[in-house]
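Novice: Construct the complete structure from the given sequences, taking the supplied hints into account.
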Amino acid sequence: MNAKIALDGVSLWRRTQEEYLYDLKRLLLRALEGKHRKSHRRRVLHDVSLTVGAGEKLGIVGANGSGKSTLLKVICGILRPTAGRVHVHGTIAPLIELGAGFDAELSVVANITYYGVLLGYSRAAIESRVKAILDFAELHDHASEPLKTLSSGMNARLGFAIATETRPDILILDEVLSVGDESFRQKCAERIATFWDADSTIIAVSHDLNFIRSQCTRAIWIDGGCVRMDGPAREVADHYLESVLMVHVIRDRDSLLRRASLRSPAELLVRGHGLDYEGTKVFLVRDGRRRWITDPTWLTAHGYRSPQDVEIVDDAVIRAIPEAEAVVSGSTST
Amino acid sequence: MERISTAGTAWSFPRSARGRLGFRRYAEVVETLARRSLKTKYRGSVLGIYWSLSNPIVMTLVYSAIFGSAFAASYKNSIFLYALSCFCGLALMNFFLQSSSQALPSIVGNGALLNKIRLPVSVFPVSTIAANTFQLLIGVVPFLAIITLASSKSLLNVVALVIPVVSLIMVTAAFGLITSALYVYFRDFQYIYELFGFMLFLTTPIFYPIELVPAQIRPFMVVNPLAAMISSVRDIALSGGPPHLSLLVFSFASGLASLLVGVAIFLCVKGDFMDLL
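For the record, the sequence lines run as chains A and B.
Be aware that the first sequence starts at 575, since it is given in this note's numbering, and climbs by one per residue.
Be aware that the second sequence starts at 4, since it is given in this note's numbering, and climbs by one per residue.
Honestly, the hints are just simulated from the structure, not real lab data.
Keep in mind that the hints are not guaranteed to be accurate.
Some chain A residues close to chain B (C-beta under 8 Å, calculated; not the full set) [said to hold, decoys possible]:
#  : residue
1  : Arg617
2  : Cys650
3  : Ile652
4  : Pro655
5  : Arg659
6  : Val683
7  : Ala684
8  : Tyr688
9  : Leu692
10 : Arg697
Positions of the beta carbon are idealized from the N, C-alpha and C atoms, including for glycine.
Specialist: Structural data, given as structure tokens:
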């Protein structure tokens, strides 16, 4: 396989900042008192091995603080691993907090060349693209104004336009998929879609499991700095969801009936309107009354936190049960 | 996300963000950062750069007014010569102090950026020094060249100016790298550095003749990293005679040595930077 990214046994230890004094005066005084503390290090990534081939669309799921963004930073070369090797072939465009490097005092055009060079364009390349970027960001009227006069939405538009002006070999998405108002959002989506269709390698971190399921071919689940699971996006997202909500994800009709110990789907009642929660649509609650619940907060509020109580059923399963479908579409509360 | 395929859209490919950061890329980033800081400082006015001369000129006038007559004896009884000597010292010292104190917060100040975009950490102090060097070369150096030409009437002296100026830039770069690195670790370092800067200013014979310093103290002043460059510039620009080779060699050697030490310290400690930003 034509590997674009290869991580081999990557571990990262970082100094914990709270342990650190940041203060020469106090450090000296403490040293005089004999209370010198050694710097403390914490393991953020542990033995991560990962190969991403050309054109692969990899999703990364995991809880907050599990090391997803850190992993992206290692791939981008922002952080150096303590152990292990990172090989990256091709150009990377990191869409991480767009516009973080803008200078509010400079004009929009000056910011394009400035930020563009920081992102990795050559000066000549970015200068020849200024017009195209202004076009895309729809900021021609503001070209010579200082950036501080722009709204935050315009800022984000500019950041997106610069970062995606050329198609990168590898695109890194950290929850930044679309910015600005609705029409611009659409433009962003279109542009990213072209990357998606072309053979760009894409790595996306998202809490939107729906997105991971539908857009990624493969996913990894990062837990405590380790790769807990690596496989088809659908499977990984399901397992992740099961662990988080402590629920079962059901993907076929028979196991649904078996689990709910129903004789026929007609026993189901439906509550709620939408059937949309993180890609798996409906919760079947085993409380004797067998209801469909669509609202996850309802679940937690009622204390359903274990796999014995809650099952999540895929949309397709519902469709496969004509009776259930009928109840769903005419859904009202119980 | 909506999937809309826009077939036929041609995406051009050239990108310089290769896996390895080449020298050209480094230079380009430094240039861009330096341009930005000059641009925001002077808002595009070319004359703005000469504004940087106003500080040493005003200070020279003040020192000449107060100490000029008292110290004139050491300057061939000429207050004018005292003023020129004072100006050379102040302009160079000013460059050093301003660059290094601007470089000091440069890494910490760009910590957020370093966490978002892959950049070599050193570009921030280096670009600060580069911007100040540009200012020095446009503003102060032509001034020194004119003084030199007027006093020595020798092009050799004008050319020789290059050596102490380059040495000074090397020392400044070394201090910029070291202070910016230390500030990552110690956020109270700038107060200490202010004190250091003031000490350096006082212990460098800028507005007083070195003969004023007691003979037993004078040997210690050799440690001053700037003394050699400043006396070399004065020797070339004001003495009227040919440049002293020993001063040139000494200033260049100490400049190079400081730069190497500065780079070595920076490389040693930069590994932990990202964890502390």
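Novice: All hints, please: hold or fail.
Specialist: Hints and how they fare:
The interface hint given for Arg617(A) is violated, since its Cβ lies 12 Å from the closest Cβ of chain B, which is over the 8 Å cut-off. Taking 8 Å as the C-beta contact cut-off toward chain B, the hint placing Cys650(A) at the interface holds, the least distance being around 6 Å. At about 5 Å, the closest approach between the beta carbon of Ile652(A) and any beta carbon in chain B falls short of 8 Å, and the interface hint on this residue holds. At about 12 Å, the closest approach between the beta carbon of Pro655(A) and any beta carbon in chain B exceeds 8 Å, and the interface hint on this residue is violated.
Given the 8 Å rule on beta carbons, the hint for Arg659(A) is violated: about 12 Å separates it from the nearest Cβ of chain B. With 8 Å as the threshold, the beta carbon of Val683(A) stays out of range of chain B, its nearest partner Cβ sitting at about 12 Å, so the hint is violated. Below 8 Å, beta-carbon pairs count as interface contacts, and Ala684(A) has one with chain B at about 7 Å; its hint therefore holds. Checking Tyr688(A) against chain B: minimum C-beta separation of about 5 Å stays under 8 Å; hint holds.
Of the supplied interface hints, the one on Leu692(A) holds, with its beta-carbon coming within about 5 Å of a beta-carbon of chain B, less than 8 Å. For Arg697(A), the suggested interface contact is upheld, since its CB lies about 6 Å from the closest CB of chain B, less than 8 Å.
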